[in-house]
Structures are given as structure tokens and as C-alpha cells.
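Okay, here's what each chain looks like letter by letter:
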Amino acid sequence: MNEIPRSPGKPRLSIDELDAALRAGDGCPATARLAAAAAGELAADELRALEAHAAGCAACAAELELARGFFEPAAASAELDELLARLPARPGAPAPSARILPMRSRPGARPARRVAWAAAASVLLAVALGVVALRDGSAPGLPDRPLDDVVRGGRIDWTTALGTLPAAPGRLAWGAVAGADRYRVEIFGVDALPIAAAEVERAEWTLAPGDRGRLETHVTYRVRVVALDPSGAELAASDVAELRIEPPR
Amino acid sequence: MAIDELEDEELVRRALAAGRGADEACLDQLFARHRARVAGWCLRICGDREEAADLVQEVFLRVFERLASFRFESRFSTWLYLVTRSVAINRGIAERRRRGLSLDDEQVPEPAADETPVDERLAVEQRGSQLRTAIAETLDPTEARVLYLHYVDGLTLPGIDRLLGLTNKSGSKAYIVSAKRKLRRRFEGADR
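Protein chains in written order, with this note's numbering: chain X, 1 to 249; chain H, 1001 to 1192.
Just chain X, with the same shape it has in the complex (with noise of 0.2 Å):
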């Protein structure tokens, strides 16, 4: 047997599950919090607070040391050296050698996301014209979503409250669309990527643990419902709400 412990006949350990053993308890600083911390942006204060946290925390502790291994200068080398002579100088510039960068090789790589930095160009100018609409209505960071990607039914509404909230929601819930198959509820974080995400057939999200869990506090994450219908088309879709957990001090 050569497995995380568990008792006979339980399930495999789950990466959540692993996640919430090494913290100590519910208390643990966002991911934010801990790179500021990494950064020198903490008054001392709480970057003791935080260190004293991170001492008896796995976790936090890990996710530290993650952080200052950005901060801290990288040791020179020739492979950096190498790695840095074969971006190109500026976003949208063929790379030094004239050549779009090989393929990994690597057995099991994934293919990988061979962008060449004219198509790079291309997005930077689409994010320099964009740039204003996003900051206007829609939330910033995530795909604006075409009004003829809707087909019919229009805006999903939130029944449930949003906004600040003292501690993580249990559960999400938004008006029920008629024809709708189904609804993908979807959680970004701060980089705009899904922390969390789910296809229900009701019109509620009942979030586990894990992604309870994954919600930190003093950080704006953003939420969005999709209702589908049978094919997968998108019947409707709500408007990007902000969640953030601000505990009672």
C-alpha cells in the first residue's frame, strides 16, 4: 500500500482535504496577504502576526516560501541567462533568435500554449482599446460576455446576498430560468481565473468544504451564473457579482 493514509474502505484522500489538514484551523491569511508579506509590504506588526500564524501553519508556511523565492533576487546563471536571451525584448517583438520558441519534448507535457509574440501584439492592443469598456460596467478582469451570446431569457438575478459578507456563503443561489437545463456557477479570483466552479440543475449552488474553503478573506473575488439549456447554448447569464469576506473584527 502506498497511499496517503486512510481508513479501509474510505475514499482516496482529496486534495481539499489534504489543503484544510495542513492549515491551522480557519484563520489563515489570504494568499495576498502572505505575498505582501513576501514583498515587504507589511507593517511589522502584522508581519509578525502573520510570521507567528505561519509558524505553526504547513500551509501558509509553504505558500511563504513560494512568495520570497519571487522576491528575492535570482541567483544569475547561465540557464536563466539562457532562458532571458530567448524572450524577446519587448511584448510584441519576435523573440532574439527570429523563431517562434521550440516545443517542449518533455514525455506527458501538455502542448504548449505556443503563443508568438505577434499574436501577443495583437491582444495588447485589443486590452489597450478594451481597457475603458471594462472599467465601465462590466467587471474588470473577466471575459466580457457578447449580448448575442445570449440567446434568450436575458439576466440571471441573485437571490442570494452578495457583496461583503462576514464569512464565506454556504450556498448561491439566483431566479430559476424556464428552460433551462441546467446552470454553471462559476467563482474568479483575483487574477481573474476560476477558483471554483460547478454545473447544478437547480437554481442554487450548495459549495463544498473545499471551495468554501478556497474563499479568502479581505479578498474581491467575483461570481457568475450561466443557465443552459439541453445542447449547452447559454439561455441567459448573470451579471458579474463581486464576493468578498470581511469577518467581523
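I should point out that these hints are in silico values taken from the structure, not numbers from a laboratory.
Computed spacing ranges between beta-carbons, pair by pair:
no.: 1; chain 1: X; residue 1: A52; chain 2: H; residue 2: T1138; range: 21 to 29 Å
no.: 2; chain 1: X; residue 1: A76; chain 2: H; residue 2: T1133; range: 43 to 51 Å
no.: 3; chain 1: H; residue 1: A1002; chain 2: X; residue 2: V200; range: 49 to 57 Å
no.: 4; chain 1: X; residue 1: D26; chain 2: H; residue 2: F1072; range: 23 to 31 Å
no.: 5; chain 1: H; residue 1: E1007; chain 2: X; residue 2: T160; range: 39 to 47 Å
Quick list of in silico lysine to aspartate or glutamate cross-link-like pairs, DMTMM-like style, CA-CA up to 25 Å:
no.: 6; chain 1: H; residue 1: K1182; chain 2: X; residue 2: E65
no.: 7; chain 1: H; residue 1: K1169; chain 2: X; residue 2: E79
no.: 8; chain 1: H; residue 1: K1182; chain 2: H; residue 2: E1137
no.: 9; chain 1: H; residue 1: K1173; chain 2: X; residue 2: E65
no.: 10; chain 1: H; residue 1: K1180; chain 2: X; residue 2: D26
no.: 11; chain 1: H; residue 1: K1180; chain 2: H; residue 2: E1137
no.: 12; chain 1: H; residue 1: K1180; chain 2: X; residue 2: E65
Where is the CB? At the ideal position from N, CA and C, for every residue including glycine.
Given the coordinates of chain X, work out where chain H should sit on it, guided by the hints.
The following block gives chain H in isolation, referenced to the frame of chain X:
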């Protein structure tokens, strides 16, 4: 003031507010300032120059795509780290899941994906509590950190070796083997 004298955050403000030409110059400046930092971290985590180069490009593409998400609540470099970490970790997790949660090349078994059926939730909560106690009472801090970095953050074992500066013969793998042995012993003892 010359563009290379501006703070990162001011460059972001100008990039968000300005037209195309100035926007590109500000983004260029941010890229020039931070590429080495991002590349160094990615290289440490990946250990593979080509993969790290790919990751660096992906990070900056995401940063520039999502620049409007930056709320000026921290330094730009702190936000850049959060994006870098997220891109790297998501890639690692996606890769492991694509590979069927197998880390045979590292000969370390993988916990199952997060797909706990509803009828097992109570058992899971109880087991989680037992596991937390067992970890706190039996593992040394490095073992616990290595478990977290490998299983939760999805870092490879060589990446963890480099990050934590582990110089023992088997590096982080030795810590994982040791941690699992201790936990297994603890749980087997509890089952008797």
C-alpha cells in the same frame, strides 16, 4: 518624467488610461523591469528552460490582458506574483489531471481529485479532523510544507527541492516518503 523613472503603479495607470502608443510603452517598461524576476521564479519552479520560457510568456500575456483587474491595493509586483503563481499552479494542476493524476515519473502516489460524493461528506469531515491532528502531532514542519507544495500547489519534487534549498540525497521525495510513513503508522495504530 522619463518613462523609466515612473513607478510601476504609475505605468499601470498610464497603460489603462492612455491610447495605444503610450500604452505599449508602459507595458514594455513593465515587461523589461519584471521579466527577470518572473523568469527566475518560473525556472526555479519548472526546472526546465523551455517550459519556464513558455510560462513567462503566458504570465505576461495574462498580466496585460487582465491589467484592469489590478486594484492598486498592493504594489504591482505583488499582484504580478499572484498572477504568476496562479498561472503556474493552474498549469501544474491541469497537467496532472490531464495525465490521470499519475506521477509515476516521480514514483509518488497522488491523492484523488476533488470529487467527493455527497454521501461521503460527513466521513470526509471526520477524517479531515483526524488528519489535521495527525499532521500536527507527527510531521515535522518541512515534511508538512513539502506535502502542501507537492499535493496542494502541484509543484514537482525537483521544483520543491530548489525552492526550499533541500540538499539531502533524495530531496523532497524523502520528506514525502517519511511523512506518509508516519501518517500511515498513526492511522494504522488508530484503526487497531
